[in-house]
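**Q** Using the sequences and the hints given, assemble the complete structure.
One line per chain: the protein sequences are R and P, in this order.
My numbering puts the last residue of the first sequence at 129; the count rises by one with no breaks.
My numbering puts the last residue of the second sequence at 153; the count rises by one with no breaks.
A hint or two may mislead.
As the list claims (entries may be wrong) - If you want the ones that stay clear, here's a sample from chain R, every Cβ over 12 angstroms from chain P, calculated:
#, residue
1, M1
2, K29
3, E81
4, V98
5, P108
6, V109
7, T110
8, L114
9, Q123
10, Y125
11, Q126
12, T128
13, M129
Stated by the list, open to error - Some chain R residues close to chain P (C-beta under 7 angstroms, calculated; not the full set):
#, residue
14, A36
15, N60
16, F99
If you're looking for bench data, these hints aren't it; they were derived computationally from the structure.
Beta carbons are placed, not taken as given, at the ideal position from N, Cα and C, and that holds for glycine.
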Amino acid sequence: MRIKLTSLMVDDQDKALKFYTDLLGFRKKHEFPVGAYKWLTVISPESPEDIELSLEPNANPAAKTFQKAMFDQKIPLAAFEVGDIEKEYAKLAASGVVFTTKPTQMGPVTIAVLSDTCGNLIQLYQPTM
Amino acid sequence: MLLAPYTFRNLCRARELLAESPEEHLSVKYIAREVAISPYHFIRQFEAVFGTTPHQFRIQSRLDRAKLLLAMGERSVTDVCMEVGFSSLGSFSDLFTRRFGSSPSVYKRRARSMVQVPGNFPQALFPGCLSLMGALPASAFRNFQEAPPSLLR
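**A** Right under this line is the structure:
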């Protein structure tokens, strides 16, 4: 058993692909049309063998309710590791990405939290120990 | 942009106001006032956080609700149109078709044929969505091992 795939619900797959590739710098791996939606995945160019991230449509009403509740409570639904969080924060903020938490030391990591414009908060983290 | 905690809360509240109470037709200006942000900054900040303007978000919320009501199959297309807050059946039908790829009446017929237990929607109507994996070609699974360079951008 291996962990090769994880997923995030997004409110618009085209918008999500643009955000996750153009702004976060991931690369599209798969894009297959399935009915009104797509099987859409991205990978990190820094570690393409690690894991695939599926950007799922949150068409299901239960998914929308869950996603909105987590967002309103400021709870991130995914976390991505970065090598230099201050640099990433400065670069992304300058590109118009909205952060709800600036780089902040929390125990053994420094974290920052951003909105992915698709209904999710995403935590960036840099291990500092 | 770093969002202050109170601005985050206010934008979340605005999102609720936009999605609720279609019968009240709260204007974007009114909602901006309700959450104590100038209309200009409200529209700009809302779009930066949610990736869509307040107006577009409201239209989308109405269409999503219409889709759910049509799938339940108890109301006519005209009733659903009015209930979610559209005043013109023509613009409702046009927006619905552009968003979901079929007209409200076609969608309703298709949904009704799939819903066997009222209120219990099949995944095909509202996929949730690792189930989409089942519709992929076999080649997709071979590619999971290693993405061909042509698929990377």
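**Q** Each hint needs a verdict: does it hold in this structure or not?
**A** Going through the hints against the structure:
At roughly 15 angstroms, the least C-beta separation between M1(R) and chain P is larger than 12 angstroms, which holds for a residue marked as non-interface. Interface exclusion of K29(R) from chain P breaks down, the closest Cβ pair being 4 angstroms apart, not more than 12 angstroms. Separation of E81(R) from chain P is adequate, the least Cβ-Cβ distance of about 20 angstroms exceeding the 12 angstroms criterion. The Cβ of V98(R) does not lie farther than 12 angstroms from every Cβ of chain P; its closest approach is about 5 angstroms, which violates its non-interface assignment.
Non-interface call for P108(R) relative to chain P: holds, since the shortest CB-CB distance, roughly 23 angstroms, exceeds 12 angstroms. Separation of V109(R) from chain P is adequate, the least Cβ-Cβ distance of about 19 angstroms exceeding the 12 angstroms criterion. With a minimum CB-CB distance of about 15 angstroms to chain P, T110(R) clears the 12 angstroms threshold, and the non-interface call stands. Not every CB of chain P is more than 12 angstroms from the CB of L114(R) (nearest about 10 angstroms), against its label as outside the interface.
Annotated as non-interface, Q123(R) keeps its C-beta farther than 12 angstroms from every C-beta of chain P; the closest such distance is 15 angstroms. Distance check for Y125(R) against chain P: the nearest CB is about 17 angstroms away, which clears 12 angstroms, and the non-interface claim stands. Taking the minimum C-beta to C-beta distance to chain P, about 17 angstroms, the non-interface status of Q126(R) holds against the 12 angstroms cut. Taking the minimum C-beta to C-beta distance to chain P, about 20 angstroms, the non-interface status of T128(R) holds against the 12 angstroms cut.
Under the 12 angstroms C-beta cut-off, the non-interface status given to M129(R) relative to chain P holds; the minimum distance is some 25 angstroms. Interface restraint check: A36(R) against chain P, minimum CB-CB distance 5 angstroms, threshold 7 angstroms, status holds. With 7 angstroms as the threshold, the beta carbon of N60(R) comes within range of chain P, its nearest partner Cβ sitting at about 4 angstroms, so the hint holds. This hint holds: F99(R) has a C-beta 5 angstroms from the nearest C-beta of chain P, less than the 7 angstroms allowed.
Checked against the numbered hints given earlier, this structure breaks hints 2, 4 and 8; the rest are met.
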